[in-house]
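With the sequences and hints as input, model every part of the structure.
If you want the building blocks of each chain, they are given just below.
Number of protein chains: 2
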Amino acid sequence: MREVVAFQGVQGAYSEQAIRQQFGDSVDVYPCPSFGDLIDAITSRRATYGMLPVENSLAGSVSQAYELLMDSDLRIRAEEIVHVHHALIATSGTKLEDVKYVRSHPQALAQCDKYIKRNRFEAITWYDTAGSARDLAKGNVTHSTNGTAHTGVVAAIASELAAELYGLEILAREIEDLPFNYTRFFLLGYDDPEKGEYNKTSLVFAVRNQPSALYDCLGEFATRGLNLTKIESRPRRNRPWEPIFFVDVEGHWQDAPLAEALGRLLQRASFVKMLGSYPAVKTNWVGI
Amino acid sequence: MREVVAFQGVQGAYSEQAIRQQFGDSVDVYPCPSFGDLIDAITSRRATYGMLPVENSLAGSVSQAYELLMDSDLRIRAEEIVHVHHALIATSGTKLEDVKYVRSHPQALAQCDKYIKRNRFEAITWYDTAGSARDLAKGNVTHSTNGTAHTGVVAAIASELAAELYGLEILAREIEDLPFNYTRFFLLGYDDPEKGEYNKTSLVFAVRNQPSALYDCLGEFATRGLNLTKIESRPRRNRPWEPIFFVDVEGHWQDAPLAEALGRLLQRASFVKMLGSYPAVKTNWVGI
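For the record, the sequence lines run as chains A and B.
Going from the first sequence to the working numbering is simple: count from 1 and add 217.
Going from the second sequence to the working numbering is simple: count from 1 and add 217.
FYI, nobody ran anything at the bench for these hints, they're computed from the structure.
Careful: at least some of the hints might be erroneous.
If several chains are the same, the list does not tell them apart, and a pair holds so long as it fits within one copy or across any two.
[Claimed, not checked] Here are the simulated lysine to aspartate or glutamate pairs, EDC-like style, with alpha carbons at most 16 Å apart:
1. 334 to 314
2. 499 to 459
3. 412 to 296
4. 355 to 472
5. 412 to 467
6. 447 to 467
See below:
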């Protein structure tokens, strides 16, 4: 059976770019309106996998993605990292100097703020990056506020993939202000993946309410030479100010040192939830 | 001289509620368009202090607030916690059963999602909670999409304070789906505050890229019996995937155990930045 990979957004989203990086261009994709629908698509078997953005090197973690990882029983099958480049996109024949308004998701607008100001465009908040391109292609090219229609040429800020998919023209490439714009994705699925050459294990846990609880939990990894590549605290729902910790650690749960550390962590923690051991992208960061 | 306290948003914002909790109702407030403007208002001395939201018990940390804490040299003078209650607000004489659209900031809409669905309202994304109330008061009560004006009664979701300030009617109180909705604020100023009865110290630091670096840094607090009440990792700008850690620890920098721990941390870390020691709200959470 052919694999279908779900993602949040409309076609041309950066999530779709992540899917193509992982599976190639001939993959079947399944666009979902929300992250929750992406999870449902997998659990209901309408999709084989789902590509979920979890953090961006500029904006930090995607809160809702981490909430869903906590709530669902899906497993992480792989990680994928996309170098995000924004393009200025318009309908065919549009000249750069005629553009007056640019539409995009607030995060993309913020990431191109200097470019937008330099060109004296007016930024208009749109629900989605790729959606701003799709809506241009549909002929939605006027801007309105409170029922008053202004005329003025509208462009979109989205991926080059979106321009290609919707038959639009790229007026400018790589217009983001900062070059270090990477988004990290988890490929989610129902079953555990094969063990890879280099693996990471992702966990979420809460500590018991006693002094140095986190320090003691991290010690189970540190004293066994197991490197953490990420730790992030988030609020524990319905228990204000009590954090839960999302941790990525090098290694596979089947390997002895990690298996031992996990057993000890389980004994110390308030709860531990396994998100998966999966083949991962090697970075040179071990300082946690 | 009378104290002027800056906040982000328009009058009636939850930040203004935090200011009134701290200073009483007769305080002079100074609304700012952005968090950056709030910081500028203090450094340029147009405002004495600024009230900055840093985390919410449901939504987690306010990313931009933490970025600004990292970039500015202001000091935290106090913390304030607001129990957030959303109200459904409309122009005078509006009946609940006639409301068709509700406008608010996406986060407030999400927090009242069940209430909105139960009442079959259509949610419209607005730039600000208090702004959605103010715009109703200005007579902006029609909803438009792509230049097409729909008729239908519009209500706003904002604070009761906003309803009061703009002379609007409260149709329903405490419409949020989850009761544990608290926002934590830092009161920022130019100088350090007096030492209080119960103090916290907030720091940001990065670790050197070596195994168990974070574990060893946290050990300087844990081994001295100093409780952390928060730890949060965020991406370090221009160094993708290298985290910086925002930490709140019980105690004042002038007290011996903390002073000693800070000296040792400084010796271990890649950098340490002091955000301030300040009188704080005591919670019963010490498990970090």
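Results for each hint:
1. In the homo-oligomer, the alpha carbons of residue 334 and residue 314 lie at most 16 Å apart inside one protomer (14 Å), although the nearest pairing across protomers, at 44 Å, exceeds that limit.
2. Taking the shortest Cα distances, residue 499 and residue 459 sit within 16 Å of each other only across copies (14 Å), while inside one copy they are farther apart (32 Å).
3. With identical chains, the CA atoms of residue 412 and residue 296 are at most 16 Å apart within one copy only, with a shortest distance of 13 Å there and 47 Å across copies.
4. For the homomeric pair residue 355 and residue 472, neither the shortest alpha-carbon distance inside one copy (53 Å) nor that between copies (65 Å) is at most 16 Å.
5. Only within a single protomer do residue 412 and residue 467 lie at most 16 Å apart by alpha-carbon distance; the minimum there is 13 Å, versus 43 Å between protomers.
6. Within a single copy, residue 447 and residue 467 get their C-alpha atoms as close as 10 Å, which meets the 16 Å cut-off; across copies the closest is 25 Å, which misses it.
Hint violations for this structure: number 4 only, all remaining hints satisfied.
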